[in-house]
Amino acid sequence: MDAVLRDRRAVVAFVAPALLVYTLVLLAPILWSLVYTFYSGNVITGFQYVGLDNFERLIHDDAFWTAFTFTLKYGVLVTVFQVGLGLLLSLMYVFYLRRGSALVRTLVFFPVVLPTVAIAQMFAKIFAIAPQYGLVNAALDAVGLDGSIQDWLGRGNTALLVLVLMDVWRSMGFYAVLLYAGLVDVPEEILESARLDGASGVRLVRRIVLPLLGPVLFASLIFSINGTLKVFDTVVALTNGGPGQATTPLTLYMFNNAFAFGEYGYASAIATALSMLCLMVTLALFGFARRDVTA
Amino acid sequence: MKRHRPVALALAASLIAASAFAATALGGSAAKRPAAKIDYLSVTQNTVWAELLTSMTKTYAKLAPGSTFKSTKIPQEQLNQRIQLLSSQNALPMLYNTPAVDAVAQMQKAGQVADIGKTFTKLGVTRELVPAAAVILRKIYGNKLAALPFEFNIEGVWYNKKIFADNGIAVPTTFDQLVAAAAKLDAAGVQPFAASGIQGWPITRLVGNLIFGQLGGDAMTRIKTGKAKLTDPQYVAAAQKVADLGTKGYFGEGVASLDYGPAEDLFLQGKAAMFYMGSWILGELNDPAKNKIGLANVGFFPFPRVVGGSGPARLIPMNAGQPTSINPKKLTPANEQWLKYMARNYGDIAMRQKGQVTGFKVHNPPRNLSSATKLVVTQLAAAKDPVLWFEALFSAKATTVSQRNAAPLATGQMSAREFMSSVQDAISG
Chain V
1 MDAVLRDRRA VVAFVAPALL VYTLVLLAPI LWSLVYTFYS GNVITGFQYV GLDNFERLIH
61 DDAFWTAFTF TLKYGVLVTV FQVGLGLLLS LMYVFYLRRG SALVRTLVFF PVVLPTVAIA
121 QMFAKIFAIA PQYGLVNAAL DAVGLDGSIQ DWLGRGNTAL LVLVLMDVWR SMGFYAVLLY
181 AGLVDVPEEI LESARLDGAS GVRLVRRIVL PLLGPVLFAS LIFSINGTLK VFDTVVALTN
241 GGPGQATTPL TLYMFNNAFA FGEYGYASAI ATALSMLCLM VTLALFGFAR RDVTA
Chain B
1001 MKRHRPVALA LAASLIAASA FAATALGGSA AKRPAAKIDY LSVTQNTVWA ELLTSMTKTY
1061 AKLAPGSTFK STKIPQEQLN QRIQLLSSQN ALPMLYNTPA VDAVAQMQKA GQVADIGKTF
1121 TKLGVTRELV PAAAVILRKI YGNKLAALPF EFNIEGVWYN KKIFADNGIA VPTTFDQLVA
1181 AAAKLDAAGV QPFAASGIQG WPITRLVGNL IFGQLGGDAM TRIKTGKAKL TDPQYVAAAQ
1241 KVADLGTKGY FGEGVASLDY GPAEDLFLQG KAAMFYMGSW ILGELNDPAK NKIGLANVGF
1301 FPFPRVVGGS GPARLIPMNA GQPTSINPKK LTPANEQWLK YMARNYGDIA MRQKGQVTGF
1361 KVHNPPRNLS SATKLVVTQL AAAKDPVLWF EALFSAKATT VSQRNAAPLA TGQMSAREFM
1421 SSVQDAISG
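Chains as they are written, first to last, in the working numbering: chain V, 1 to 295; chain B, 1001 to 1429.
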C-alpha cells in the first residue's frame, strides 16, 4: 500500500477523476458566478462589463439589507432552537427513554422525510384565519382569547415566527438523531465514574456530556447555521417571501433578481455576499470553538 | 365498355366536387396543404388553449395531413426564465406564452417576436381579430401586435344580488357610493370585498382603476414615459383610497394571507358581497359545484367612476389574459397556413366548446349561452375606450414589487406613499 501511495502516477490516477468532477461541478460554476458579478445584462440582451457597479448597488439597496437582516434573524433563531431542542431530545433518548426510545425517535424524525410543500400547506392551514379559522385561531377563539386571533401569515413578525416554528418542527428530529449518535459514543465508564464522584442531572450533562459531545455539537451548529442562512424552499412554500418583502431571505431575493428580473450580474453579487456571510459565520464559530477549547 | 364511360366520368366528377366541397367546408381549398408542425410553450395554470388548439389541429390535419400540435407546460413563475433561456439558445417554439413587457421589448429587438399585425395582413386575416383586443395588445407592447388574444377579458365588480337587496343597496355608479355601500355592509356584519393579498393584483387593480378614473386613461402611460411619477400626490391619493378600504377592514381579516382560490370561494359561498375580478371567472360562475350562491344571484357592474376625475365615464379595464406570442423563425409557409386557419376558427371553437370569450371573432355564436357569458359579451361590445391595468406597462421587477406590496398596503403595514415609492423605485431600476 505504501509503495502504491508513494507512486506519484498512482496518486494522480486515484485523485484526478474525483478532482475533475469536483472542478467541473462545483468550482467552475462558482468561478463563473464570480465573473458574472462584474457584468450586467441578460442572455437576450447580452452582457456588458460594469466593474464593481453591482457591489456598489448592493450596498445602497434597501431591499438587500432587509433580506440580509431577515436571513440573519431567521438563521440564528432556527439554529438555536433546532440544535437546542435536538440536544434536549437526544438527552431524553439516552438518559430517560433509553432502550425504549426507538418509537419516539422515529416519530420525531418523521417530519424530516416529509416534503417541504406538504408541511408548508399544513402550517398554512393551522395558522389560517380565512376562509375558516385554522387550528390556532380556533383554539384561541375557544378559550376566549379573541384579541389574539390574527392573520399569522399576513404580518411580517408573526410570519417569521410561524416559519421558525415550522422549520424547527421539521428538522429538530434530524439534529436529535445526529446528537444521539454522538451521545451513544460517550463511554459508559466515564459517565459511571462521574456518577460515582457524585455528578448527576444538569451537572453531569454540563461537566461531562457536553464537553464529550463537543465535536458533534459543533458540527451540528455548522450544518444548521449554513443550512438556515441558505433557506429557500421553506420560505417559498409557506410565504413566498411575503407579506411584502418581510420574509424574503437572500436566496429568494437572489433567485428573483436572476430568474424573474433577468439581472444575472446583480443576482451573482447577492450570491457572493451570501457566500461571504456563510464563510464569516462559519469562521466565527470555528474561532469561538477554538477559544472555548483552550479556555 | 364505352357505354359506361359517361357514368364513370360523372361519378368521378361528382366525387371530386364532393371532396372539394368538404375541404372548403373545413375552411380551405381543395388542394392538400403542407403539414404544419406547431409546438407551444404555455403555463400550467391554463389548460384550455392547448386543449382547443389540439382539437382544432386534428380537424386541420384533414386539410394538411401530418399536421401536429405539441404543447409543453411550465409553471407561470418560471415563464420569464424559460423564455429567456430558450430565446438565448434560439430554441423558442412556434408559439409561447408572452413574458413580461420588458422581456418582450428585448426579444423584439432580437427578432424573436413576430409582428402579428403584419403577419395577419399578409395572410388576409386581420379582420378576424376583435378590434378592442388588438387595441389593448398594441397599447401594452409599444404599438406593435406582439401577441395573440387567446383570451379577452373585461374586469369589474361581481356582486351578490341577494346581499345587496337584503341591505337595501343600489348598484354604485360612483366610487363614493361604492365606499358607502361597503360601509353599510360592514356595519351589517357582511364582508364587503373578497380579495387575495397573496396574489396582490386584485388589490392593485383597484389602485389602477382609481388612477384611470381620476387622471384619465393614459395616466399609466405618463408613468412609463417618465412624464409623471407614482409618488406624485394624485397617484398616491389613489393608493390611499385603497389603503383606507383595507384599514377599515372591508377586505376581511385574512386578506394578506388569502390566495386566489379561497378569496373566490368567499364570494361564491356568499361570505363576501363583492369580488373585483376579470371575466375569466365565468367558468366558476357557470359551475354549480363551485357557485353556491347561484348564477341568477350574481350581478356585475363596471368599476364606478371617480367624481370630478377626468377618466372615461364608463371605466372598463380589459386584458388579453396571458397572451401568446409567435416565434417568427418558426413561421414557415406551412405554419402560416395553420395560423390563418386558427385565426378564422379559434373564436368559434372557444365559444362553442368552452363558452369562452376570446379576442378572435365569433362567426356562428351558439344559441345556448349562459347568462353570465351573455353579460360579458354585451359588456365587451359596449366598451368604447378600454383601459389597461395598473401593472400593464411595468417591467417584471416593478410588477413583482407592486403585487408583493399590495397586501401590506391593504393591511396598513405600508403607507400609500411607501407603496408608491417602492413601485416607482422598481420602475426607475
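Treat the hints with caution; some may be incorrect.
Below, in silico cross-link-like pairs of lysine-lysine (BS3-like), each with a Cα-Cα straight-line distance of 27 Å or less [stated by the list, open to error]:
1) B:K1248 <-> B:K1139
2) B:K1292 <-> B:K1161
3) B:K1144 <-> B:K1290
4) B:K1329 <-> B:K1340
5) B:K1374 <-> V:K125
6) V:K125 <-> B:K1271
7) B:K1139 <-> B:K1062
8) B:K1292 <-> B:K1354
9) V:K125 <-> B:K1144
10) B:K1070 <-> B:K1354
11) V:K125 <-> B:K1241
12) B:K1184 <-> B:K1241
Because the hints were derived from the structure by calculation, they are not lab data.
Outcome of the hint check:
1. Our distance criterion of 27 Å between C-alpha atoms is broken by K1248 of chain B and K1139 of chain B, whose separation comes to about 35 Å.
2. About 13 Å separates the Cα atoms of K1292 of chain B and K1161 of chain B, which keeps this hinted pair within 27 Å; it holds.
3. Distance check on the hinted pair: K1144 of chain B and K1290 of chain B sit about 39 Å apart at the alpha-carbon level, beyond 27 Å; violated.
4. Note on K1329 of chain B and K1340 of chain B: the hinted pairing holds, with a Cα-Cα distance of about 17 Å set against a maximum of 27 Å.
5. At roughly 38 Å between alpha-carbon atoms, K1374 of chain B and K125 of chain V are farther apart than 27 Å, so this suggested pair is violated.
6. Restraint check for K125 of chain V and K1271 of chain B: the C-alpha separation of about 19 Å stays at or below 27 Å, so the hint holds.
7. Between K1139 of chain B and K1062 of chain B, the direct Cα distance comes to roughly 37 Å. Violation of the 27 Å bound is thereby established for this hinted pair.
8. About 21 Å separates the Cα atoms of K1292 of chain B and K1354 of chain B, which keeps this hinted pair within 27 Å; it holds.
9. A C-alpha spacing of about 45 Å is found between K125 of chain V and K1144 of chain B, which places the hinted pair above 27 Å, so the restraint is violated.
10. About 20 Å separates the Cα atoms of K1070 of chain B and K1354 of chain B, which keeps this hinted pair within 27 Å; it holds.
11. Note on K125 of chain V and K1241 of chain B: the hinted pairing is violated, with a Cα-Cα distance of about 31 Å set against a maximum of 27 Å.
12. The hinted pair formed by K1184 of chain B and K1241 of chain B meets the criterion: a straight-line CA distance of about 17 Å does not exceed 27 Å.
The structure fails to meet hints 1, 3, 5, 7, 9, 11 from the earlier list, while all remaining hints are met.
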